[in-house]
Amino acid sequence: MYNILITDDSSTMRALIKKTIRLSGFQVKNFYEASNGKEGLEILSKNWIDLVLIDINMPEMNGIEFLKNIKSNELHKNIPVVMITTEGSDLKVEEAFSYGAGGYIKKPFTPEAIKKTLTDIIGEPETVDRDDGEFDF
Amino acid sequence: MKISEERIFEAINNACKDVFEKYLFMDLSEESRVKGLTLENEYYWVGKISFEGDCRGIVLLYCSEDIVNNMLNDFLGVEDEDEGLEIEDGFNELTNIVAGNILTDLSKGGLVLKQGLPETTGFKDFNLVIDPGSSTYTTEFSFDENRVAVQVILYSN
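Note that the protein sequences, when read in sequence, are chains V and L. Position 43 (the first sequence) corresponds to 42 in numbering that gives the first Met the number 0; numbering is contiguous. Position 79 (the second sequence) corresponds to 78 in numbering that gives the first Met the number 0; numbering is contiguous.
Because the hints were derived from the structure by calculation, they are not lab data. No experiment lies behind these values; they were computed from the predicted model shown. Heads up, a few of these hints could be off.
Below, in silico cross-link-like pairs of lysine-lysine (DSBU-like), each with a Cα-Cα straight-line distance of 30 Å or less [said to hold, decoys possible]:
id: 1; chain 1: V; residue 1: 28; chain 2: V; residue 2: 67
id: 2; chain 1: V; residue 1: 115; chain 2: L; residue 2: 16
id: 3; chain 1: V; residue 1: 76; chain 2: L; residue 2: 113
id: 4; chain 1: L; residue 1: 16; chain 2: L; residue 2: 123
id: 5; chain 1: V; residue 1: 28; chain 2: V; residue 2: 115
id: 6; chain 1: L; residue 1: 113; chain 2: V; residue 2: 114
id: 7; chain 1: V; residue 1: 114; chain 2: L; residue 2: 16
id: 8; chain 1: V; residue 1: 17; chain 2: V; residue 2: 67
id: 9; chain 1: L; residue 1: 123; chain 2: L; residue 2: 107
id: 10; chain 1: L; residue 1: 123; chain 2: V; residue 2: 67
id: 11; chain 1: V; residue 1: 28; chain 2: V; residue 2: 45
id: 12; chain 1: V; residue 1: 70; chain 2: L; residue 2: 113
id: 13; chain 1: L; residue 1: 16; chain 2: V; residue 2: 18
id: 14; chain 1: V; residue 1: 28; chain 2: L; residue 2: 21
id: 15; chain 1: V; residue 1: 18; chain 2: V; residue 2: 45
id: 16; chain 1: V; residue 1: 17; chain 2: L; residue 2: 113
id: 17; chain 1: V; residue 1: 114; chain 2: V; residue 2: 37
id: 18; chain 1: V; residue 1: 115; chain 2: L; residue 2: 123
id: 19; chain 1: V; residue 1: 67; chain 2: L; residue 2: 16
id: 20; chain 1: L; residue 1: 21; chain 2: V; residue 2: 17
id: 21; chain 1: V; residue 1: 18; chain 2: L; residue 2: 21
id: 22; chain 1: V; residue 1: 17; chain 2: V; residue 2: 105
id: 23; chain 1: V; residue 1: 18; chain 2: V; residue 2: 114
id: 24; chain 1: V; residue 1: 17; chain 2: V; residue 2: 37
id: 25; chain 1: L; residue 1: 107; chain 2: V; residue 2: 70
id: 26; chain 1: L; residue 1: 113; chain 2: L; residue 2: 16
id: 27; chain 1: L; residue 1: 113; chain 2: L; residue 2: 21
id: 28; chain 1: V; residue 1: 76; chain 2: L; residue 2: 1
id: 29; chain 1: V; residue 1: 17; chain 2: L; residue 2: 1
id: 30; chain 1: V; residue 1: 17; chain 2: L; residue 2: 123
id: 31; chain 1: V; residue 1: 105; chain 2: V; residue 2: 37
id: 32; chain 1: L; residue 1: 113; chain 2: V; residue 2: 37
id: 33; chain 1: V; residue 1: 18; chain 2: V; residue 2: 76
id: 34; chain 1: L; residue 1: 21; chain 2: V; residue 2: 115
id: 35; chain 1: V; residue 1: 17; chain 2: V; residue 2: 70
id: 36; chain 1: L; residue 1: 107; chain 2: V; residue 2: 67
id: 37; chain 1: V; residue 1: 70; chain 2: V; residue 2: 105
id: 38; chain 1: L; residue 1: 123; chain 2: L; residue 2: 1
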């Protein structure tokens, strides 16, 4: 069971990501939500988090600054981080990886893209009660 | 840095197809593309996002009322039980994704473009003021009763 922090300034996108992760079969204990990096840091300081998903383009503290903060903090630097963003240019991807991001998903994403990236980072989801392995939207 | 008209229209079409097919399950085929567009049609919402870097400008997303009204429930897959969601937030995100895809496509040749944050306005209240000498590139799709249009405006400096 994972504690997952989703950081995105769009409540719609946070809801969509949560739903997609659930449908992918990952067993989530708690979803925490932040609308920018500052809120994300506050949540990290008070809770045990297993995985952080970060949008790059956010007000207050953007995703790259948030990522740098996480990776420069002794307590948080080992938490896996996945960037989920519209900005899929090579430069942005390289920048995110250079600061320690473990994965990168470009919007618009498919449920399969989320599942594959999360599986690469935290392992296969536990078996769920679905017989076709397909996603229903 | 100069971007060709062909590249801009290609980026708009690629982004529209990718986003509207993956998120909104709409088939934006060539047949749905409106020819000779002048944006004379009525829309409901307008999303706007600015960019700067090697060139400056804005990306605008126009949608008809039905698309916006049904977007969260029917298209994004977010259900009624998800509380606190607002149409405006969803439309902002849709604008963000469309613009991000266009700018990412345009930056493939080494162009550096930094994307701003999205804003949504009702079409009736929308008043676009652009710099003289700016170039405007518009693509519109029409299908069933719905209309979607995307504009990229490049400022002259």
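So, going through the hints one by one against the coordinates:
no.	hint	result
1	28/V to 67/V	holds, 26 Å
2	115/V to 16/L	holds, 23 Å
3	76/V to 113/L	holds, 27 Å
4	16/L to 123/L	holds, 27 Å
5	28/V to 115/V	holds, 20 Å
6	113/L to 114/V	holds, 29 Å
7	114/V to 16/L	holds, 23 Å
8	17/V to 67/V	holds, 24 Å
9	123/L to 107/L	violated, 35 Å
10	123/L to 67/V	violated, 42 Å
11	28/V to 45/V	holds, 16 Å
12	70/V to 113/L	holds, 24 Å
13	16/L to 18/V	holds, 23 Å
14	28/V to 21/L	holds, 28 Å
15	18/V to 45/V	holds, 24 Å
16	17/V to 113/L	holds, 28 Å
17	114/V to 37/V	holds, 27 Å
18	115/V to 123/L	violated, 43 Å
19	67/V to 16/L	violated, 34 Å
20	21/L to 17/V	holds, 17 Å
21	18/V to 21/L	holds, 16 Å
22	17/V to 105/V	holds, 16 Å
23	18/V to 114/V	holds, 12 Å
24	17/V to 37/V	holds, 20 Å
25	107/L to 70/V	holds, 28 Å
26	113/L to 16/L	holds, 22 Å
27	113/L to 21/L	holds, 24 Å
28	76/V to 1/L	violated, 41 Å
29	17/V to 1/L	violated, 41 Å
30	17/V to 123/L	violated, 34 Å
31	105/V to 37/V	holds, 23 Å
32	113/L to 37/V	holds, 21 Å
33	18/V to 76/V	holds, 27 Å
34	21/L to 115/V	holds, 17 Å
35	17/V to 70/V	holds, 24 Å
36	107/L to 67/V	holds, 25 Å
37	70/V to 105/V	holds, 21 Å
38	123/L to 1/L	violated, 33 Å
Taken one by one, the earlier hints fail for this structure at numbers 9, 10, 18, 19, 28, 29, 30 and 38, listed in ascending order.
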